[in-house]
Amino acid sequence: FLVAFTKLITVNGQEYHLQLVDTAGQDEYSIFPQTYSIDINGYILVYSVTSIKSFEVIKVIHGKLLDMVGKVQIPIMLVGNKKDLHMERVISYEEGKALAESWNAAFLESSAKENQVRNL
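The number in the numbering used here is simply the position in the sequence shown, starting from 1, with 9 added.
These aren't lab readings, by the way, just hints derived from the structure by calculation.
A few of these clues could be false.
To be verified - With a cut-off of at most 30 Å between alpha-carbon atoms, the simulated DSSO-like pairs for lysine-lysine come out as follows:
id, residue 1, residue 2
1, K122, K68
2, K16, K73
3, K106, K68
Unchecked claim - If you anchor each label on the Cβ, the simulated ranges turn out as follows:
id, residue 1, residue 2, range
4, A115, G79, 19 to 27 Å
5, E24, E103, 35 to 43 Å
6, F14, E65, 38 to 46 Å
7, I61, S120, 13 to 21 Å
In this text, a Cβ means the ideal position worked out from N, Cα and C, and glycines have one as well.
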């Protein structure tokens with residue numbers, strides 16, 4: 010079950026339709042339909058630093074992206090969320106950064122609780 014949120018944003022005078030798709034932790038291959046690869050300018054892929062499962066799922070989603078868009082270079086940012094949950098962390102900053110580097114993607118960690126989502 011996917012939930013999508015949309016918003017129109019303007020960056021440097023250019024309008025972009027931003028669509029946030031929440032997979033709600035699903036790990037099925039059906040979580041990322043091909044419609045999410047049409048007329049897309051970039052992706053922000055988010056996983057929880059407290060969940061090995063979400064880190065593995067984000068790899069599956071990235072693989073599906075590559076299958077759908079082919080060799081076209083589309084900007085990707087990998088985000089590790091929930092960085093405020095230090096005691097529950099199971100994915101290190103270094104692991105996230107290494108994965109992003111292997112994809113040639115930007116990387117950062119954030120915390121919605123600490124209102125760092127605006128940094129994205």
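Hints versus structure:
1. As the CA atoms of K122 and K68 are separated by approximately 25 Å, the hinted pair is consistent with the 30 Å bound.
2. Note on K16 and K73: the hinted pairing holds, with a Cα-Cα distance of about 24 Å set against a maximum of 30 Å.
3. A C-alpha spacing of about 13 Å is found between K106 and K68, which places the hinted pair at or below 30 Å, so the restraint holds.
4. Here the CB-CB span from A115 to G79 is close to 21 Å, well matched to the stated 19 to 27 Å.
5. The hint said 35 to 43 Å for the Cβ distance between E24 and E103, and at roughly 37 Å that hint holds.
6. Between F14 and E65 the CB atoms are about 24 Å apart, so this pair departs from the stated range of 38 to 46 Å.
7. Our hint of 13 to 21 Å for I61 and S120 holds, since their Cβ atoms are close to 19 Å apart.
The structure fails hint 6 only (numbered hints given earlier).
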